[in-house]
Amino acid sequence: MYRFHKLDKMTSTRCAVCKYFRRRCPPDCIFAPYFLNDNPQRFICVHRFYGASNIGKMLEEMPVQLRADAVDSLYYEAKCRIQDPVYGCVGIITSLHRQIQIAQSQLAKAQAEISFLDANFVGFEPTPSLSESLVQQNGFEQGLDDPFSTWFY
Amino acid sequence: MRSQEPRSSSSCAACKFMKRRCTLHCLFAPYFRADEPKKFAKVHKVFGASNVTKILNEVPEPQRQDAVNSLVFEAEQRLKDPVYGCIGAIASLQDKMFQLQHDLAVAKARLARCSTRTSYPSCSTTSPFSMLDGEFGMTSFDAFVVDQGCGLTTELRQHPFP
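Chains as they are written, first to last, in the numbering used here: chain A, 70 to 222; chain B, 426 to 587.
Simulated from the structure, these hints should not be mistaken for lab results.
There's no promise every hint is true.
As the list claims (entries may be wrong) - Distance condition first, Cα-Cα at most 25 Å in a straight line; then the derived DSS-like pairs of lysine-lysine: (1) B:LYS444 - B:LYS470; (2) B:LYS533 - A:LYS126; (3) A:LYS178 - B:LYS533; (4) B:LYS464 - B:LYS505.
Please read all numbers here as calculations on a predicted model, not as lab measurements.
Looking at chain A on its own, in the form it has when it is part of the complex:
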């Protein structure tokens, strides 16, 4: 009876990772706060692409207060990769880039039209700060578009 009682206690307090590996979950288990017992799919999803030891190493290398966000981001990326095995979340980034390009074209057109009205219309009062802010919005952020220009376009 004592053995069964002890097993029940171990089973009920193990995190999803230790349950997956059928091992004892120590009190200082690095995975326990982020992979709860009631959501085994979360770990299975992340483990499929990163592996438990890589996840453990990543978590050890970062401050404790950032680990929850790190695990969330790994989970989102893993879900994306399940949905799109070829591009994963990079597909979303590419798509967002395309949408931004379209929006910037429309903004440039609107800006040009405002400038035209500014030059030709009576009673049209331009707002210089708005025009300038529209110009500033046209630039890409540094370092995000270079990889895509060589890979996907």
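Following the hints, put chain B in place on chain A, whose structure we already have.
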């Protein structure tokens, strides 16, 4: 007993990294050339060789180059930003998109006011830009919430990262 598998003349970056024999049928060889050792090192650090093997095996051969490219990019982003990885880049692009959406709405509101207030005969028909309306058709900005089946961006909207 030595393996009967034929040997390639030079090891790919993956086999060099893992210090193993690179065969002619090596899965990594077409995508991790010997002159790009860092590429495999990054992917190995984040995903691990066996996981990369599984991922490549699940993808049809014509798409494996793109799959490797996306894995390399994800690994680079994760090494640059160990906490948020690619999600940080997505959040940043979404912020940019929101800002663009706002600026465009403001600009279009101004143009709409102009068409009702000014003395110019017609804003919409004589403006040189009116003929370009077909080229730069309106895009629903809700379309940027790309749901490729995973609902990620919807989740990011609900639970945005800082």
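Tested hints:
The straight-line distance between the Cα atoms of LYS444 of chain B and LYS470 of chain B is roughly 16 Å, inside the 25 Å bound, and the hint therefore holds. Under the criterion of a C-alpha separation no larger than 25 Å, the hint pairing LYS533 of chain B with LYS126 of chain A is inconsistent with the structure, at around 50 Å. Distance restraint check for LYS178 of chain A and LYS533 of chain B: the Cα-Cα separation of roughly 10 Å lies within the 25 Å cut-off, and the hinted pair is therefore satisfied. This hinted pair checks out: LYS464 of chain B and LYS505 of chain B have alpha carbons roughly 14 Å apart, not beyond 25 Å.
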